[in-house]
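Asks: The chain contents come next:
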Amino acid sequence: MPEIRTETMTVNMGPQHPSTHGVLRLVLELDGETILSASPTIGYLHTGIEKTCEQKKWQQVIPLVERMDYLSAQSNSMAFCMSVERLLGVDAVMPDRVKNIRILLAELQRINSHLVWLGTHGMEVGAVSVMLYCFREREILLNINEMIAGFRLFPSYMRVGGLREDLPRGFHEAVRAFLDRMPVKLDEYEDLLTKNEIYLKRTQGVGVVSRDNAIAWSLVGPIARAAGVDYDVRKVFPYLGYETYDFSVPTQTTGDVYGRYQVRVAEIRESLKICRQALERIAPRGDYAIADPKITPPPKDRVYTEMEALIQHFLIYSQGFMVPAGEAYVPVEGPRGEQGFYVVSDGTNRPWRIKSRAPSLLACQALEKLIVGGLIADVIAVIGSIDVVMGDVDR
Amino acid sequence: MLDAAASLVTSLQSAVPEATFEAIPSVDLQTTIYASGDHIVAVARALRDLPELKFSLLAELTAADYWPREPRFEVVYVLVSIEHKLRLRLKVRLGGSDAHLATVCGIWPAANWLEREVYDLFGIKFDGHPDPRRLLMPEDWEGSPLRKDSPVQIRRPPHVAAPLQVTPDEFRQNLERDRRARE
Numbered sequence: 005m006p007e008i009r010t011e012t013m014t015v016n017m018g019p020q021h022p023s024t025h026g027v028l029r030l031v032l033e034l035d036g037e038t039i040l041s042a043s044p045t046i047g048y049l050h051t052g053i054e055k056t057c058e059q060k061k062w063q064q065v066i067p068l069v070e071r072m073d074y075l076s077a078q079s080n081s082m083a084f085c086m087s088v089e090r091l092l093g094v095d096a097v098m099p100d101r102v103k104n105i106r107i108l109l110a111e112l113q114r115i116n117s118h119l120v121w122l123g124t125h126g127m128e129v130g131a132v133s134v135m136l137y138c139f140r141e142r143e144i145l146l147n148i149n150e151m152i153a154g155f156r157l158f159p160s161y162m163r164v165g166g167l168r169e170d171l172p173r174g175f176h177e178a179v180r181a182f183l184d185r186m187p188v189k190l191d192e193y194e195d196l197l198t199k200n201e202i203y204l205k206r207t208q209g210v211g212v213v214s215r216d217n218a219i220a221w222s223l224v225g226p227i228a229r230a231a232g233v234d235y236d237v238r239k240v241f242p243y244l245g246y247e248t249y250d251f252s253v254p255t256q257t258t259g260d261v262y263g264r265y266q267v268r269v270a271e272i273r274e275s276l277k278i279c280r281q282a283l284e285r286i287a288p289r290g291d292y293a294i295a296d297p298k299i300t301p302p303p304k305d306r307v308y309t310e311m312e313a314l315i316q317h318f319l320i321y322s323q324g325f326m327v328p329a330g331e332a333y334v335p336v337e338g339p340r341g342e343q344g345f346y347v348v349s350d351g352t353n354r355p356w357r358i359k360s361r362a363p364s365l366l367a368c369q370a371l372e373k374l375i376v377g378g379l380i381a382d383v384i385a386v387i388g389s390i391d392v393v394m395g396d397v398d399r
Numbered sequence: 015m016l017d018a019a020a021s022l023v024t025s026l027q028s029a030v031p032e033a034t035f036e037a038i039p040s041v042d043l044q045t046t047i048y049a050s051g052d053h054i055v056a057v058a059r060a061l062r063d064l065p066e067l068k069f070s071l072l073a074e075l076t077a078a079d080y081w082p083r084e085p086r087f088e089v090v091y092v093l094v095s096i097e098h099k100l101r102l103r104l105k106v107r108l109g110g111s112d113a114h115l116a117t118v119c120g121i122w123p124a125a126n127w128l129e130r131e132v133y134d135l136f137g138i139k140f141d142g143h144p145d146p147r148r149l150l151m152p153e154d155w156e157g158s159p160l161r162k163d164s165p166v167q168i169r170r171p172p173h174v175a176a177p178l179q180v181t182p183d184e185f186r187q188n189l190e191r192d193r194r195a196r197e
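Chains as they are written, first to last, in this note's numbering: chain A, 5 to 399; chain B, 15 to 197.
It is possible that part of the hints are untrue.
Capping the alpha-carbon separation at 25 Å, the derived lysine to any residue pairs in SDA-like fashion look like this [unchecked claim]:
| no. | chain 1 | residue 1 | chain 2 | residue 2 |
| --- | --- | --- | --- | --- |
| 1 | A | Lys189 | A | Arg156 |
| 2 | A | Lys304 | A | Arg289 |
| 3 | B | Lys162 | A | His50 |
| 4 | A | Lys239 | A | Val269 |
| 5 | B | Lys162 | A | Glu58 |
| 6 | B | Lys162 | A | Arg71 |
| 7 | A | Lys277 | A | Met151 |
| 8 | B | Lys68 | A | Val253 |
| 9 | A | Lys373 | B | Ser95 |
| 10 | A | Lys239 | B | Ala18 |
Simulated restraints, written as ranges between beta carbons of each label pair [to be verified]:
| no. | chain 1 | residue 1 | chain 2 | residue 2 | range |
| --- | --- | --- | --- | --- | --- |
| 11 | A | Glu143 | B | His98 | 42 to 48 Å |
| 12 | B | Asp163 | A | Asp184 | 55 to 61 Å |
| 13 | B | Pro165 | A | Leu34 | 41 to 47 Å |
| 14 | B | Pro85 | A | Thr14 | 43 to 49 Å |
Which bits of chain B does chain A cover? Going by a derived footprint, with three or more residues having C-beta under 8 Å, they are [stated by the list, open to error]:
| no. | region |
| --- | --- |
| 15 | 30-42 |
| 16 | 62-75 |
| 17 | 86-98 |
| 18 | 111-124 |
| 19 | 146-153 |
Since the hints were made in silico from the structure, they are not lab data.
Where is the CB? At the ideal position from N, CA and C, for every residue including glycine.
Model the full assembly from the supplied sequences, consistent with the hints where possible.
Replies: This is the structure in structure tokens:
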């Protein structure tokens with residue numbers, strides 16, 4: 005009997021594949037359904053945001069950095085503002101109310117991002133109804149964004165020196181209604197997935213990363229915590245007063261897709277806990293920025309009635325503000341792990357260099373290690389579970 | 015903050031005596047030191063393996079261009095020690111002509127794409143890198159976009175391949191040839 009000639013097959017997955025969350029291209033070498041090698045190709049979404057930032061004034065950078073990781077806009081702009089505030093040396097005089105509002109918004113953003121993740125990931129492994137439910141709850145968060153800033157995805161509400169304006173009327177009620185609703189709904193999602201036989205079969209033991217590999221590949225956030233790395237910037241290097249909040253950092257030891265699911269769902273519960281505490285501490289009216297006329301513009305009603313305020317407003321929006329020369333990197337815990345902006349100033353009103361630490365880039369790099377040796381069907385589950393945002397990978 | 019940097023320099027200096035270090039003040043949490051680029055791999059290994067340091071997580075690797083100043087480039091490593099709750103910013107100065115540095119992929123595998131990005135956007139070469147290709151820009155791109163002397167808003171004609179031109183007669187002949195080949 006003649007020997008059957010076999011050869012491996014090379015398959016292009018992406019760049020326009022619905023489960024690659026943007027434009028990620030994977031060149032897979034297949035032996036039957038088993039993956040022998042994988043090489044991710046990125047850069048399709050590269051728009052040179054970092055170069056563009058160098059041409060802008062400091063406050064003009066905020067809308068740009070929000071568009072990098074478009075699922076965690078508020079975390080991005082908060083990290084950027086905190087780095088610039090450290091350079092300006094104004095973070096020490098930041099009012100507590102601003103810090104608490106920032107924490108509240110960052111945690112709402114985390115819930116928002118995890119809901120998108122849970123919905124799309126659930127849909128990709130076959131649980132379509134989860135997607136509809138998650139987007140239903142996310143809608144409430146987008147409405148809250150619209151309420152505070154008039155924008156749903158990219159509010160640009162964080163500003164250097166504080167916030168753009170005070171919280172609107174009815175903010176507390178809207179957030180409280182969401183916080184009351186969410187735990188019940190989260191139980192519903194868990195009913196659909198946590199003990200779902202099909203979901204368990206698709207996710208347990210798939211895309212496993214060990215604790216040592218997670219550190220070596222610089223994986224942070226839920227991916228690393230699912231592998232047993234107990235690293236959360238909010239606990240290890242607290243900022244904005246996170247050390248005064250009562251919350252825990254959920255971890256798992258399995259390191260597989262299911263572990264990441266468990267960690268993220270538990271994180272939503274912890275975030276709800278933080279939100280509830282933050283909401284208690286935020287007075288409905290109060291300071292929303294530092295009182296430095298060189299950095300923060302005066303309120304609009306004064307701009308319309310007083311000449312000094314008009315001049316101040318004009319100066320800030322036409323010339324910007326000077327930031328002392330130096331460099332700063334303030335890490336925060338975004339939805340995908342440690343996030344921060346390495347900011348270099350040369351003492352003028354424009355940044356000299358801005359570098360975003362992109363957790364998605366490193367997750368994307370490690371993707372190859374997670375899928376080689378597995379089945380092609382698992383690639384979808386693994387890409388979903390590492391929660392890459394291609395806007396953050398390519399910038 | 016400078017005390018922490020100074021004690022760190024002392025322990026690094028004893029581990030890698032041939033390299034030179036310099037602690038500088040920083041405004042943020044990150045202890046900041048300069049190291050000479052010649053022995054960067056040994057320095058990286060000491061940072062990762064010394065029991066009192068254990069900087070096992072490479073949080074960030076990037077560069078900054080200070081053109082026209084010389085030395086022009088600074089390569090920046092942001093390191094985290096999860097065990098000891100330490101952060102460190104390690105910087106290496108590089109001259110403008112023929113900027114190159116040894117790769118640290120052997121110490122922190124995550125440096126692979128980060129170094130490729132720096133090579134892509136700044137043109138700094140990493141000696142011994144396992145996969146020295148561009149990461150974000152197109153492979154046929156000329157120049158290094160994030161260098162300060164690289165212009166913005168350049169009007170460059172888009173690079174396109176010339177369209178294939180065939181006359182209607184040639185087109186019909188091609189069809190006929192393909193049909194015959196199939197039969």
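Asks: All hints are to be evaluated individually against the structure, with a verdict given for each.
Replies: Here's how the hints hold up against the structure:
Among the hinted pairs, A/Lys189 with A/Arg156 is consistent with the structure: their alpha-carbon atoms are about 22 Å apart, no more than 25 Å. At most 25 Å may separate the alpha-carbon atoms for a hinted pair to count; A/Lys304 and A/Arg289 meet this at roughly 16 Å. Taking the CA atoms of B/Lys162 and A/His50, the gap is near 19 Å; set against the 25 Å cutoff, the hint holds. Between A/Lys239 and A/Val269 the alpha-carbon distance is near 19 Å, which keeps this suggested pair within the 25 Å criterion.
A threshold of 25 Å between alpha carbons decides the hint, and for B/Lys162 with A/Glu58 the separation of about 10 Å falls inside it, so the pair holds. Between the alpha carbons of B/Lys162 and A/Arg71 the distance comes to roughly 23 Å, so the proposed pair stays at or under 25 Å and holds. In summary, the hint linking A/Lys277 to A/Met151 is supported, as the alpha carbons are separated by about 22 Å, within the 25 Å threshold. The hinted pair formed by B/Lys68 and A/Val253 meets the criterion: a straight-line CA distance of about 22 Å does not exceed 25 Å.
Restraint check for A/Lys373 and B/Ser95: satisfied, since their Cα atoms lie roughly 23 Å apart, inside the 25 Å limit. A distance of roughly 21 Å separates the Cα atoms of A/Lys239 and B/Ala18; the hinted pair therefore holds under the 25 Å criterion. The beta-carbon spacing between A/Glu143 and B/His98, approximately 44 Å, falls within the hinted interval of 42 to 48 Å. Our hint of 55 to 61 Å for B/Asp163 and A/Asp184 holds, since their Cβ atoms are close to 57 Å apart.
In this structure the supplied range 41 to 47 Å holds for B/Pro165 paired with A/Leu34, their Cβ-Cβ distance being about 44 Å. The hinted range of 43 to 49 Å is satisfied by B/Pro85 and A/Thr14, whose Cβ atoms lie roughly 44 Å apart. Taking a C-beta to C-beta cut-off of 8 Å, the region 30-42 of chain B contributes 3 residues in contact with chain A, enough for the three needed, and the coverage statement holds. Only residues whose C-beta sits within less than 8 Å of a C-beta in chain A count toward coverage, and the region 62-75 of chain B has 5 of them, enough to reach three; the restraint holds.
For a cut-off of 8 Å, the count of residues in the region 86-98 of chain B with a CB near a CB of chain A stands at 4, and the three-residue condition holds. Here's how the region 111-124 of chain B fares: 3 of its residues keep a CB closer than 8 Å to some CB of chain A, so the rule of at least three is met and the hint holds. With 5 residues having a Cβ less than 8 Å from any Cβ of chain A, the region 146-153 of chain B passes the three-residue criterion, so the hint holds.
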